[in-house]
Amino acid sequence: MYSCLARSLRCNVGAWPSYVPSSTLAVLRSPDRRSPDHHCPHRPLTSSLPLQEARPLRDPRLTPARSMGTGTRRKRPPSAFPVLEEKLQPIHTHVYEANLRNSTACQQRYVTFREKVRKGGGENAVARHTQRNKKLLVRDRLRLLLDDEDFLELSPFAGLGLPYGDIPSAGCLTGVGRINGLWCVFIANDATVKGGTAYPITVKKQLRAQDVAMQNRLPCVYLVDSGGAFLPLQSEIFPDKNQGGRTFYNEAIMSAMRIPQVSVVCGSCTAGGAYIPTMAEEAVMVHRIGTIFLGGPPLVKAATGEEVTPEDLGGATLHAEVSGCVDHFAWDEKEAYMYTRNIISTLNYELPEEEEEQGRRVEQPLHSPEELMGLAPLNYNHSLDVKLLLSRLTDGSKFQEFKARYGTSLVTGFAKIEGHLVGIVASNGELSCAASLKGSHFVQLCDQRDVPLLFLQNTAPRPRHTHTLSQADTNSNRLKAQGSMMSAVACATVPKITVVIGGCYGADSYAMCGRAFDPHFLFLWPNARVSLVAPGYAAALTPPEGEEGEGALRKINKRLEEESSAFFSSGRLWDDGVILPQDTRKVVGVCLTISQQQRYQLSTEKTCSPMLRV
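All letters in the sequence shown, in the order written, are residues 0 to 613 by numbering that gives the first Met the number 0.
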């Protein structure tokens, strides 16, 4: 039998297949297994060709191969996805116009909030920061650090409308930008906002930026200019797991994961903030404006009666020449960011050639993305076919649909966005049992093929009622199917990007990769709503009883109307930012590019201990 197997493997090919178990090879090479008395129909008995050595190829079940070697030109198989012939029909006019009016009003709110956060702490704080303290504004710092101003800013509206007041941009700017061609996460304190004081929302935003760096294996740059924690709210900043101390824990874990971290001390590093530069792998400090100490000069005087200047207590000269807490001494901020850019250029990445990037052909959609303003639903009842939206997002308006006739309330399929292949999971109605099973199948398929996933979420405004035995049976099956889809989404290891284009309500939002399911990026359109049930549907959960019940229900619906808005959500950092519908294609394309950079990092397999300073 083994002789027959050996000869059949050699028939017409002259080489072994890519994977043959070693135990089988040992048997095949054994001399007592090649008896001439055993007849094999594939070759004549007189054949005396020697057995060839098996090539040392990988088992594809264990280590998926990636052709990322030097000098290798990577090319995807050509695709011929069908074009979505989705045009607006006259019957859509009244819905489209209502959506457009609502989107225009939402865009005005977006512009108002954007202008507000760009002012930072206000004119007086800006003047004090630039004239008295001789410091650059945070956006000017980013202009010197990054290759260009075309960076992806995360959660710019965080900190607005909070119980303890407005904290524009949560007191720090975070995002992803290019430094010497390499995508890096940046966390930059804005000292014009409350003097750089850290509020609970500030800590939350910094932790989210570190999560983005870890999920996408991006280098992280800290621009530190902080006055420490806001003491009246210390109970919400200091003690819990995902509060202040988590920043330093993450720094150690990122270093062990071989994620590079660089810190620039361009202002105060007081109390807990002093650990950020000392735990980074390399630190740059600016003369006269940068300081690192646990307690500043006022605390020293109160404790010892001694008067000392900030520069003598913890300035750049002390830490560069005596303590060794920093690695690079910079005379001014411009030199500090030059040092930082040079440090990033030493990282062990091998980026694709420019010709390869430029050679990627990108087709524009056949329909204008500006039309997405009229496709962003005013509410669930104003939702149009999601394929109208896809035809304005994908390259060439092309889309290869998967299971087109099954579970039609969920649209799944493959497309390209800015040249990147992506699997799309888009809400097109209630998430039924069949739709959930279809979604589970497609998510696992994309995970197996290593294709990123894009979720376009617009879930039903309320849960389904159960009035009859038949409905109970239907809802039970639906529940099980949704659980299957949730498991597939949670366990998928490919990059996941979620855009809430309408409603994000109830358990359906979990299956569509809501915030709890840890997408790599999550964005909201200005018209989006995020709540347990939609405004006006509170009775689905708490049926009213009498006049008091009706009054309580009105209060709940009013509260839902206020708290479900996209800007309320973004102010509390339940997402990574509000984006305009017409910018969605560009933002998603940038996110897909960012998530693929980790493939170009060399020597990522070995886990090492965190970097420690002597």
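Do not take every clue at face value.
As a list, the in silico DSS-like pairs of lysine-lysine whose alpha-carbon atoms are at most 27 Å apart [as the list claims (entries may be wrong)]:
{"no.": "1", "residue 1": "Lys86", "residue 2": "Lys554"}
{"no.": "2", "residue 1": "Lys133", "residue 2": "Lys333"}
{"no.": "3", "residue 1": "Lys133", "residue 2": "Lys402"}
{"no.": "4", "residue 1": "Lys333", "residue 2": "Lys86"}
Pair ranges (Cβ atoms, derived) [stated by the list, open to error]:
{"no.": "5", "residue 1": "Leu350", "residue 2": "Gly535", "range": "45 to 53 Å"}
{"no.": "6", "residue 1": "Ala126", "residue 2": "Glu362", "range": "26 to 34 Å"}
{"no.": "7", "residue 1": "Asp384", "residue 2": "Tyr248", "range": "43 to 51 Å"}
{"no.": "8", "residue 1": "Ala489", "residue 2": "Gly180", "range": "48 to 56 Å"}
{"no.": "9", "residue 1": "Pro231", "residue 2": "Leu444", "range": "21 to 29 Å"}
{"no.": "10", "residue 1": "Asn556", "residue 2": "Ser367", "range": "43 to 51 Å"}
Keep in mind that the hints were calculated from the coordinates and are not lab data.
Beta carbons are placed, not taken as given, at the ideal position from N, Cα and C, and that holds for glycine.
Against the range 21 to 29 Å, how does the distance between the Cβ atoms of Pro231 and Leu444 compare: consistent or not?
violated, 52 Å
Would you mind confirming whether the straight-line C-alpha gap from Lys333 to Lys86 stays at or under 27 Å?
violated, 52 Å
Indicate whether the distance between the beta carbons of Asn556 and Ser367 respects the range 43 to 51 Å.
violated, 36 Å
Does the Cβ distance between Leu350 and Gly535 fall inside 45 to 53 Å?
The hint (45 to 53 Å, Cβ to Cβ) holds, given that Leu350 and Gly535 are roughly 51 Å apart.
Does the Cβ-Cβ separation between Ala126 and Glu362 fall within 26 to 34 Å?
violated, 49 Å
Using the Cβ atoms, figure out if Asp384 sits within 43 to 51 Å of Tyr248.
holds, 46 Å
Keeping to a limit of 27 Å between CA atoms, is the pair of Lys86 and Lys554 held or broken?
violated, 41 Å
Ala489 paired with Gly180, Cβ distance criterion 48 to 56 Å:
violated, 34 Å
27 Å Cα cutoff - pair Lys133, Lys402
violated, 62 Å
Is Lys133 within 27 Å of Lys333, Cα to Cα?
It holds: about 13 Å lies between the C-alpha atoms, which stays within 27 Å.
In this structure, the hints that do not hold are numbers 1, 3, 4, 6, 8, 9 and 10, in rising order.
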